[in-house]
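Chain F is already provided as a structure; the job is to place chain X on it using the hints.
The lines below spell out each chain.
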Amino acid sequence: VRESALQLGRSEGLQFVATADDEGNGLDRACSYLVQGRVPVSSFWTLVAVDEAWTSVVAPQTDGALRSSQIIRENDGNFIIHVGTQLRPGNWLELAGEGPFALAITLYDTTALSGFNAADMHMPSLRREACR
Amino acid sequence: MIRTLLWLVGGVLLGGIIHLVVILTLPQLAEETVWTRIAPLDADNRVAILPRPAPGEPNPLHLDPELVYGVCRLDLSAGPGFISGTLPDAFWSVAVYNEDGIVTYSTTNRDGIGQTLEMGLFNAAQTRLLAQQEIDIVDGLLVVEAASDNLIVLVRLAPPHEIMRERFENRLSSLRCGTRPVT
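Line by line, the protein sequences are chains F and X.
Every letter in the first sequence is one number past the one before it in our numbering, and letter 24, counting from 1, is 24.
If you count the second sequence from 1, you need to add 1000 to reach our numbering.
Hints are not guaranteed to be accurate.
[What the hints assert, rightly or not] Derived Cβ-Cβ restraints for the label pairs, each shown as a range:
#1 X:P1060 with F:S125: 27 to 33 Å
#2 F:A53 with X:D1075: 28 to 34 Å
#3 X:D1075 with F:C131: 52 to 58 Å
#4 F:R127 with X:R1046: 44 to 50 Å
#5 F:R10 with X:A1030: 19 to 25 Å
#6 F:D28 with X:R1180: 49 to 55 Å
#7 X:A1030 with F:H122: 32 to 38 Å
#8 F:E23 with X:I1018: 39 to 45 Å
#9 X:A1078 with F:G24: 49 to 55 Å
#10 F:D63 with X:G1011: 57 to 63 Å
#11 F:M121 with X:L1008: 43 to 49 Å
Since the hints were derived computationally from the structure, they do not count as laboratory data.
Where is the CB? At the ideal position from N, CA and C, for every residue including glycine.
Here chain F stands alone, though its shape is the one from the complex (with noise of 0.2 Å):
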């Protein structure tokens, strides 16, 4: 996609956004949604909110983006973080203002498509929780 952004090399990372739940609805920041499971190999990854313009939408206070090293993850390795505008235990992706926005996953460094399957193509699931 041309959008005139400093896109990651193939070597670099892949990024993947999600503008849609797992049920197929679009993400707004009037909901709650969980990010539960895991992802393909990386040195690290970054989790960021935007919308339509690319914007952050991550809470102005907080550092913008989660990382990787910093959440807490489930004994088997899996990982739940809370994303929205609502208070939440755990890891939480604080969000500010209203209306639809996008998650951004970057893999910095992976091993993701790069070989000849896609076996350790896992990708978390995306659930919506309650809304206001």
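For chain X alone, kept in the frame of chain F given last:
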């Protein structure tokens, strides 16, 4: 009847050609490209640090707020380009973009180059000189061949903690970048 049909087929063909030409030239007609967005940063032959995207502010380059970005613009018509220096012991990667903003080469520090970045960029004519050993290069130089003269070199550096960000930015801006005329 035949004549009408011929006109019709001709019209469709012509329309198809115009359509294809317009679609294929549109990217070149774009006014905002990576090249023009980098232009105001004064990054010609030096490494400029890209400002960190703040929440609520536009982020047209899609920068990751967790990373530090150093960018350098090179024009190989002045001579082979280079970027060199040492970087902190953390994840970093280098990407070479052409004028259209397409990555033509990329690598990470996991590919056995450790903390030292020594990269030389050569256009087709300079690559030929290099093969004929007309250009002297240091041992271990990462040789990158470029198809065009105007290039953007982008170094991504990932500070492990927020508190290291400023120090990492300083290390990144101390990288040397530029062109060396062929003597």
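Verification of the hints:
1. Range check, X:P1060 to F:S125: Cβ separation about 31 Å, and the 27 to 33 Å hint holds.
2. The hint said 28 to 34 Å for the Cβ distance between F:A53 and X:D1075, and at roughly 31 Å that hint holds.
3. With their beta carbons about 53 Å apart, X:D1075 and F:C131 fall inside the hinted range of 52 to 58 Å.
4. Our hint of 44 to 50 Å for F:R127 and X:R1046 holds, since their Cβ atoms are close to 48 Å apart.
5. Judged by the Cβ atoms, the range 19 to 25 Å given for F:R10 and X:A1030 holds: they are separated by roughly 23 Å.
6. At about 54 Å, the beta-carbon gap between F:D28 and X:R1180 stays in the expected band of 49 to 55 Å.
7. Between X:A1030 and F:H122 the Cβ separation comes to about 36 Å, which falls inside the hinted range of 32 to 38 Å.
8. Take F:E23 and X:I1018: their Cβ atoms lie about 42 Å apart, and the range 39 to 45 Å holds.
9. Range check, X:A1078 to F:G24: Cβ separation about 53 Å, and the 49 to 55 Å hint holds.
10. Distance hint for F:D63 and X:G1011: a CB-CB separation of about 58 Å, consistent with the stated range 57 to 63 Å.
11. With their beta carbons about 48 Å apart, F:M121 and X:L1008 fall inside the hinted range of 43 to 49 Å.
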